[in-house]
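Spelled out from the first residue to the last, the chains are:
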Amino acid sequence: MVEPEIEDKRITLEEAVKKIPDGSGLFWGGFGYQRAPIALSHELVRQRKRNLTIYTCGSEVDLEIMAGAGVASRYEIAFSAIEALGLSNNIRRRVSEGKLLVEDYTNLAMALRFLGGSLNVPFMPLRSMMGTDMAKLSRYRGIDNKLRVIDCPFTGSKICLVPSVNPDFSIVHVQRVDMSGNAQIDGIIGEDIEGSRCGKKLIVLAEEIIDEKDVRSHPDQTKIPAMYVDYIVELPYAAHPMMCQNYYDYDLEHLMLFHKATKTEETWQEYLDEYIIGVQNHEEYLKLIGDERLKELRAKEPWGY
Amino acid sequence: MVEPEIEDKRITLEEAVKKIPDGSGLFWGGFGYQRAPIALSHELVRQRKRNLTIYTCGSEVDLEIMAGAGVASRYEIAFSAIEALGLSNNIRRRVSEGKLLVEDYTNLAMALRFLGGSLNVPFMPLRSMMGTDMAKLSRYRGIDNKLRVIDCPFTGSKICLVPSVNPDFSIVHVQRVDMSGNAQIDGIIGEDIEGSRCGKKLIVLAEEIIDEKDVRSHPDQTKIPAMYVDYIVELPYAAHPMMCQNYYDYDLEHLMLFHKATKTEETWQEYLDEYIIGVQNHEEYLKLIGDERLKELRAKEPWGY
Amino acid sequence: MTKYTKTEFLIACASRHVKDGENVFGGTGMPLLAALLAKETHAPGSNLISEAGFIDAQPREVPLSVADTRYYYGCSAAIGLIETLGFLLQGGRIDVGFLGAAQIDEYGNLNTSYIGPYDHPKVKLPGSGGGNDIASSAKRLIIMMAHDKRKFVKQLDYMTSPGYLEGPGSREKWNLVGGGPQVVITDMCQFDFDPDTCKIRLLSVHPGYSVADVLDNVMFDLIVPDNVPTTEEPSQEQIDIMHKLDPKGIYLGKGG
Amino acid sequence: MTKYTKTEFLIACASRHVKDGENVFGGTGMPLLAALLAKETHAPGSNLISEAGFIDAQPREVPLSVADTRYYYGCSAAIGLIETLGFLLQGGRIDVGFLGAAQIDEYGNLNTSYIGPYDHPKVKLPGSGGGNDIASSAKRLIIMMAHDKRKFVKQLDYMTSPGYLEGPGSREKWNLVGGGPQVVITDMCQFDFDPDTCKIRLLSVHPGYSVADVLDNVMFDLIVPDNVPTTEEPSQEQIDIMHKLDPKGIYLGKGG
Chain A
1 MVEPEIEDKR ITLEEAVKKI PDGSGLFWGG FGYQRAPIAL SHELVRQRKR NLTIYTCGSE
61 VDLEIMAGAG VASRYEIAFS AIEALGLSNN IRRRVSEGKL LVEDYTNLAM ALRFLGGSLN
121 VPFMPLRSMM GTDMAKLSRY RGIDNKLRVI DCPFTGSKIC LVPSVNPDFS IVHVQRVDMS
181 GNAQIDGIIG EDIEGSRCGK KLIVLAEEII DEKDVRSHPD QTKIPAMYVD YIVELPYAAH
241 PMMCQNYYDY DLEHLMLFHK ATKTEETWQE YLDEYIIGVQ NHEEYLKLIG DERLKELRAK
301 EPWGY
Chain B
1001 MVEPEIEDKR ITLEEAVKKI PDGSGLFWGG FGYQRAPIAL SHELVRQRKR NLTIYTCGSE
1061 VDLEIMAGAG VASRYEIAFS AIEALGLSNN IRRRVSEGKL LVEDYTNLAM ALRFLGGSLN
1121 VPFMPLRSMM GTDMAKLSRY RGIDNKLRVI DCPFTGSKIC LVPSVNPDFS IVHVQRVDMS
1181 GNAQIDGIIG EDIEGSRCGK KLIVLAEEII DEKDVRSHPD QTKIPAMYVD YIVELPYAAH
1241 PMMCQNYYDY DLEHLMLFHK ATKTEETWQE YLDEYIIGVQ NHEEYLKLIG DERLKELRAK
1301 EPWGY
Chain C
2001 MTKYTKTEFL IACASRHVKD GENVFGGTGM PLLAALLAKE THAPGSNLIS EAGFIDAQPR
2061 EVPLSVADTR YYYGCSAAIG LIETLGFLLQ GGRIDVGFLG AAQIDEYGNL NTSYIGPYDH
2121 PKVKLPGSGG GNDIASSAKR LIIMMAHDKR KFVKQLDYMT SPGYLEGPGS REKWNLVGGG
2181 PQVVITDMCQ FDFDPDTCKI RLLSVHPGYS VADVLDNVMF DLIVPDNVPT TEEPSQEQID
2241 IMHKLDPKGI YLGKGG
Chain D
3001 MTKYTKTEFL IACASRHVKD GENVFGGTGM PLLAALLAKE THAPGSNLIS EAGFIDAQPR
3061 EVPLSVADTR YYYGCSAAIG LIETLGFLLQ GGRIDVGFLG AAQIDEYGNL NTSYIGPYDH
3121 PKVKLPGSGG GNDIASSAKR LIIMMAHDKR KFVKQLDYMT SPGYLEGPGS REKWNLVGGG
3181 PQVVITDMCQ FDFDPDTCKI RLLSVHPGYS VADVLDNVMF DLIVPDNVPT TEEPSQEQID
3241 IMHKLDPKGI YLGKGG
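Sequence lines, in order, name chains A, B, C and D. What the first sequence shows, in the numbering used here, is residues 1 to 305, in sequence order. What the second sequence shows, in the numbering used here, is residues 1001 to 1305, in sequence order. What the third sequence shows, in the numbering used here, is residues 2001 to 2256, in sequence order. What the fourth sequence shows, in the numbering used here, is residues 3001 to 3256, in sequence order.
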């Protein structure tokens, strides 16, 4: 048998972000506090990217960073807050300033828009949003391009159609991947199955690179097959201060520091300088957080956090 | 803490089939040779059910049994054959006799019809079937009720809409389930994720009942959560002569005997008498196959067959 | 008499609306504690679901996020949004959803998106998240809100999630899956909705408040029945269990 | 000169159409052996996908079904139909699909459903399965058929799967994802399609057959180029590898 040469898709975080031109549209993976691609949002800031459009259900700290640093100018999202900690202050300020435009959908609507994109069909039907201002007001797509409420041709009942999304890039953060791109996700997947398949290019951030044999001995665990994956970035603690199941817990102290910092423009700029622009790369950021703190955050068996 | 009483949803195969009235619509799980609910088709025959409508992508031996024994009168399916072994002879005869009406869809169309049913929306968009006779001819639904080809309201391009399915029952065969209904499926899932969620009632056949603790210590492996499940039937070798990954291989000898028997009405009636009507229940069927043969079929590590 | 804080009172009050065997979207914060409290007391067979993908969760510590790994250990399935919001919720299988809001109108419609005009919003709020999905499709909706007069408005700045929309027949017109709001719990009272007019109605006032207090603190007309009972107080057992569930006082506050 | 059976010839011939690195829907039977042979020879990096849900499969024994557990061991993912036929195929990510048919017309349209009139079919065939999906959405289609004159018809009894439909512009009109048929391999010859007219065209004749044989065995007009080469024969290496892949002769026949 001729052994195929396994394509090595690994690149550095810096190289990955260089591939994303200003003005790109990005599916943004993770959900709530789980598997947020924070490190990539940092590098987008360091490389001074501009005018990105972010598509996601409900990312949190990363959306705050990209809005606060002026990286993104458009969000098509369902939710922005730090959940239990409170409102997204940066987003609130940027929206009031007119520097950030938010097109509002629901979580299910966004998940279905990604599913439609993955299926390569132009829309998906949905039974939310109807009757409310979400179906009447549009920030920039224009209401006819945001959604359509039609009479179902089969039943005659009202049904909402939301347009599919095929962004330029999908950014997904996973626990493990082999170097050809077969990715394993532990725990909830949020909208990452659909999100990883709908983008024109897929960048996977992974806590750990594993051997192809470990993938092929457990094919049921592969959540993203290699054929979807364009680039892989090995990046431990890519979600800090958020969490990654079976790898580390959220850093509540840092999260509170972050949330407090976003309360005024001045303190936000200080945070930005100290933790994002002021460091060369993710490794330096982790040094700033400190080895000891990172060790404390490591997940414990059997809880996974 | 108050310990919840765990609902025990286990019933016998006979009881399960008694719950299915004549004229019901059934989602039929399994795909190709994998996890086919053969034992349930046997019991439908023994209880002389009539006028069932079966919804599935491509079941094989079970579709032959239900057509041949006059249990089902309508199929909404994509495929009928025993793949490598050849054509479905019983179905061919029953269609020629006018006793079986087949409404033809594609595999993707059927999978999407189940997805639409699971999502509780009336249709799903699809990019197959267009331009062919599949979009022009209908056996009994009427063409406007079989599908619609519309101009997409967002893009203006042609898109096909297929109506969702919410059958009276979903029948799914899995490797393992706990007694409240949390089910684990090994290997490919075919269309069983969507199929198990679209029915009004769900009957799960399982090779093995496992403890709830085994489910809750590996939540990622649960493919069907208990809240969808109405009845559970513990039934080893439920798929014989088809296969069930990690439990047993197909019985090629019996499959060939079966396929040969279907070639004429006479030899088919002999098979029916000997293996299905002539036995009281699944246990007796397995005795007829023989312990030794069943042992030979047991899956071997690490292959799973 | 049991001593309790306002937060403890609200959580105990909300937990009583969850019935045994029900499928509940818990979220985070007070609703989550209410759902967990119900499970530990009168509704042991209730099924706690997080929209992030956790089914039948039994967290040993209170999660801070619907996607918190704390939801994972001991749950029966960990899947994703298409499963929870699509198959389960839109599929009509969720009995109870909890929502909060910045504004509510007399039909129980909710605003969680913008304060001020849409074109020049004064405050961008979190948005719908799964809120509109839950309000559209859950069989019953339980709403929990801080009682501030400016939140109980005649006209929402933005309608994020449907209550009874414009009144009788509105939810049917839009073919919504779920049944709409059942109860609104504030730190002053409970409201329900008049089945004929779909308008908000006083259900009970909390100890220490009067019907007049409530009338002074809403900006719409309010249906007040002849007899308005006093809301039931929490039991010591409920309070003790709450604190076992949130030992660090993340939601209950440090003072406990 | 290598000795070979007709089946071996066809499999070797089909395998040459698979290129390295391509994503291939293999199915079962001869196409599967052709895809596996390609992977073992000139296309080691090709990715064998079964519509049942197996991705990058490396079966050590030939499967009898697209859902056969033999596809599992060593594959890189095992998922389901929405993944393979939806995300991958309809998503435009499948390079090559293989199909057989009971009838083909001059535009490469295929019948795998009914022989005889639709209202009173003489023979019910297997139907589309994933065939129409593959013909609609795979970038290229490779068709393998037994060469019987009655199968190469001017008018199909039923059009199950799209070739070029009514000719130039037809696939575009229906917004089909894939590119249409590339080659038809029979036990007499290979056909391709004229890019201007989308009509079937003789590509090569197999050793032992003449252009006249082919013309005698189709029921439609056939484009015949001035020069029709002879189809390349299988190598001994190809035949040896085939038999390693199917040691029991399940598809190759017992005689080998």
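Worth double-checking, as some hints may not be accurate.
Taking CB as the label site, the calculated pair distances span [said to hold, decoys possible]:
| no. | chain 1 | residue 1 | chain 2 | residue 2 | range |
| --- | --- | --- | --- | --- | --- |
| 1 | D | Lys3006 | B | Lys1019 | 49 to 55 Å |
| 2 | A | Tyr140 | B | Asp1144 | 45 to 51 Å |
| 3 | D | Val3211 | B | Ser1157 | 37 to 43 Å |
| 4 | B | Asp1144 | D | Lys3006 | 30 to 36 Å |
| 5 | B | Arg1048 | C | Ile2223 | 55 to 61 Å |
Below, simulated DMTMM-like cross-link-like pairs (lysine to aspartate or glutamate); rule was C-alpha separation at most 20 Å, straight line [to be verified]:
| no. | chain 1 | residue 1 | chain 2 | residue 2 |
| --- | --- | --- | --- | --- |
| 6 | C | Lys2154 | C | Asp2213 |
| 7 | B | Lys1213 | A | Glu301 |
| 8 | C | Lys2173 | A | Asp214 |
| 9 | A | Lys158 | B | Asp1144 |
| 10 | D | Lys3154 | B | Asp1133 |
| 11 | B | Lys1136 | D | Asp3119 |
| 12 | A | Lys300 | B | Asp1220 |
| 13 | D | Lys3122 | B | Glu1097 |
| 14 | A | Lys136 | C | Asp2157 |
| 15 | B | Lys1200 | C | Glu2166 |
| 16 | A | Lys158 | C | Glu2166 |
| 17 | C | Lys2019 | B | Glu1005 |
| 18 | D | Lys3122 | B | Asp1220 |
| 19 | B | Lys1158 | A | Asp144 |
| 20 | C | Lys2173 | A | Asp151 |
| 21 | A | Lys9 | D | Glu3172 |
| 22 | B | Lys1136 | D | Glu3172 |
| 23 | C | Lys2019 | B | Glu1266 |
| 24 | B | Lys1201 | C | Asp2095 |
| 25 | C | Lys2122 | A | Glu265 |
| 26 | B | Lys1300 | D | Glu3061 |
It should be emphasised that the hints constitute simulated quantities derived from the structure, not laboratory data. Please read these numbers as outputs of a predicted model, since none were measured by experiment. In this text, a Cβ means the ideal position worked out from N, Cα and C, and glycines have one as well.
Right, here's what the structure says about each hint:
1. At roughly 52 Å, the beta carbons of D:Lys3006 and B:Lys1019 sit within the given window of 49 to 55 Å.
2. Here the CB-CB span from A:Tyr140 to B:Asp1144 is close to 37 Å, at odds with the stated 45 to 51 Å.
3. The supplied range of 37 to 43 Å is met by D:Val3211 and B:Ser1157, whose beta-carbon atoms lie about 41 Å from each other.
4. Checked against the hint of 30 to 36 Å, the pair B:Asp1144 and D:Lys3006 fails, with Cβ atoms roughly 46 Å apart.
5. With their beta carbons about 58 Å apart, B:Arg1048 and C:Ile2223 fall inside the hinted range of 55 to 61 Å.
6. Proposed proximity of C:Lys2154 and C:Asp2213 is supported: the alpha carbons are some 18 Å apart, at most 20 Å.
7. With a CA separation close to 16 Å, the supplied pair B:Lys1213 and A:Glu301 stays within the 20 Å bound.
8. Between C:Lys2173 and A:Asp214 the CA atoms are separated by roughly 53 Å; this puts the pair beyond 20 Å, and the hint is violated.
9. A hinted pair counts as satisfied when its Cα atoms are at most 20 Å apart, and A:Lys158 with B:Asp1144 qualifies at roughly 18 Å.
10. Our distance criterion of 20 Å between C-alpha atoms is met by D:Lys3154 and B:Asp1133, whose separation comes to about 16 Å.
11. Restraint check: the Cα-Cα separation between B:Lys1136 and D:Asp3119 comes to about 13 Å, which is no more than 20 Å; the hinted pair holds.
12. Proximity of A:Lys300 to B:Asp1220 is assessed by CA-CA distance (about 18 Å); at most 20 Å being required, the pair is judged to hold.
13. Distance check on the hinted pair: D:Lys3122 and B:Glu1097 sit about 10 Å apart at the alpha-carbon level, within 20 Å; holds.
14. The suggested pairing of A:Lys136 with C:Asp2157 holds, with an alpha-carbon distance near 13 Å, which does not exceed 20 Å.
15. As the CA atoms of B:Lys1200 and C:Glu2166 are separated by approximately 32 Å, the hinted pair breaks the 20 Å bound.
16. A distance of roughly 17 Å separates the Cα atoms of A:Lys158 and C:Glu2166; the hinted pair therefore holds under the 20 Å criterion.
17. Distance hint between C:Lys2019 and B:Glu1005 is fulfilled; the C-alpha atoms sit about 15 Å from each other, no more than 20 Å.
18. With a C-alpha separation of about 49 Å, the suggested pairing of D:Lys3122 with B:Asp1220 is violated against the 20 Å cut-off.
19. Restraint check for B:Lys1158 and A:Asp144: the C-alpha separation of about 18 Å stays at or below 20 Å, so the hint holds.
20. For the hint linking C:Lys2173 to A:Asp151, the alpha-carbon distance of about 11 Å falls within 20 Å, and the restraint holds.
21. In summary, the hint linking A:Lys9 to D:Glu3172 is not supported, as the alpha carbons are separated by about 35 Å, beyond the 20 Å threshold.
22. In summary, the hint linking B:Lys1136 to D:Glu3172 is supported, as the alpha carbons are separated by about 18 Å, within the 20 Å threshold.
23. Simply put, C:Lys2019 and B:Glu1266 have alpha-carbon atoms about 58 Å apart, too far for the 20 Å limit, and the pair is violated.
24. Distance hint between B:Lys1201 and C:Asp2095 is fulfilled; the C-alpha atoms sit about 18 Å from each other, no more than 20 Å.
25. The suggested pairing of C:Lys2122 with A:Glu265 holds, with an alpha-carbon distance near 16 Å, which does not exceed 20 Å.
26. For a cut-off of 20 Å, the pair hint linking B:Lys1300 to D:Glu3061 stands: about 14 Å separates their Cα positions.
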